[in-house]
Amino acid sequence: MAPKQQGGRVVTQQTRSLLNISVNILGIQLLSTSFGYKMDTLSYLPVQPGVGMEENFLSLDDILLSHERLPIRTECSFPRLGFLEKSSDTKDITEGTKMELPLWLSKGLYEKKRRVLSVELPKIYKEGWRTVFNADPNVVDLHKMGPYYYGLGSQMLHFDSPENPEIAQTLLQTFIGRFRRNMDSSQNAYNEDTSALVERLDCLEKALFTSGQSGLNSFQSWEKGQASQLTASSLVLNYRKRKINDLQP
Amino acid sequence: MFCEKAIELIRELQRMSDGQLPAFNEDGLRQVLQEMEALYEQNQTDVNEAKADGRAELIPSIKLRHCCLLRNQRCLTAYLYDRLLRIRALRWEYGSVLPANVRFHMCAEEVQWFTHYKKSLASFMRSLGGGEGLDITQDMKPPKSLYIEVRCLKDHGEFEIDDGTVILLKKNSQHFLPRWKCEQLIRQGVLEHVMS
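So the sequence lines, in the order shown, correspond to chains F and Z. The numbers in the first sequence follow the UniProt record's numbering, run straight up by one, and end at 249. The numbers in the second sequence follow the UniProt record's numbering, run straight up by one, and end at 196.
Excised from the complex, chain F in its bound form (with noise of 0.2 Å):
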């Protein structure tokens, strides 16, 4: 297929190559929890989060996700909202305004033209961190850069920077080149702490790793010959916990 020069289609193509591969990784992983049995917390199913720059409606992790803020920049005026920006007591944003919003008021009001307001990159996306990104994905604390740094990665390509396949091809390489070490960690790490495994990853890889960790145990469990065994449902046992902590002053 020829590839378009620049914007959409090729950045399209990235980004959805790039989860296409994560959403194979949770599927691959999800076969190995069906090894045994289901487990008990099976019966509670959230909404996942939307794949590449989809939202879905109705997902709790995308609406945390569109909470993050990003710098912008004001292209017109918005008369009578002057007490959303902090720094000035003016009663209308002027125009050419520097302030932060939330991604979910910028793409909402965001429009190809830019006569509403044009969005900077933050500087994780920047030239300088993508040169860091490339240079070794391994070594990046991603929980301390955002934890949302893929999602909120692919969420700035709707807004038509002229960086956009840079940052498409940063987000894809820096995911392939940690995702082994991920992958291994989670299917290794059995019965310890995985708290210093799990500090440096973003949101999207912990997910990964907890369904890792999850396929994991039950293969473990159905090795031991525990798989038949009969359990209480763990949503039980939390209640019962939470009683008992009420119960203590």
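It should be emphasised that the hints constitute simulated quantities derived from the structure, not laboratory data. Hints may be right or wrong, so weigh each one.
DSBU-like cross-link-like pairs, simulated, lysine-lysine; straight-line CA separation at most 35 Å [stated by the list, open to error]:
hint, chain 1, residue 1, chain 2, residue 2
1, F, 224, Z, 171
2, F, 241, Z, 141
3, Z, 118, Z, 171
As the structure is a prediction and not an experimental result, all values here were calculated from the model.
Based on these hints, arrange chain Z on the given structure of chain F.
Just chain Z, lined up with the frame of chain F:
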């Protein structure tokens, strides 16, 4: 910034990612609805002014408030929907009778929804197996034997099994019971499955 209260509701649910149901935040819901009303009123006056006086520069503010209204709507819908998913999980984990402390966390409409869901599930189960009915909430794990050894974790009183014998479930007593009768109690944590 607008919609802060709405995101608080979402964070409350996200904190309990294992599927537990927190108390229904009626206050929070009311505050979000009040904010939506205030935004709507402001937008109405601005729209009327823009139309009457032809002041087109008010339009970006109108758009911004509209985005806030949509955001609040999204947060509220997601909050209510996620709670319903948790309540649905309760039917599968606890069974049809919920303990009082859990029911206390649900609002009246959610209790009603739970009753409707129970009824739908029950009529579905009755229609399976050629009109004879099949309890699909049983046998969540493939059964290996008809009878299982169980130990009682707490006093549960008397328990009658199919052939009429009454068993007294006292703490730490062990029994050899049919699997289909015990499954519910094991899931509720009253009995413990003992593997020899």
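Structure-based check of each hint:
{"no.": "1", "hint": "224(F) x 171(Z)", "result": "28 Å, holds"}
{"no.": "2", "hint": "241(F) x 141(Z)", "result": "25 Å, holds"}
{"no.": "3", "hint": "118(Z) x 171(Z)", "result": "31 Å, holds"}
When each numbered hint is compared with the structure, no violation occurs for any of them.
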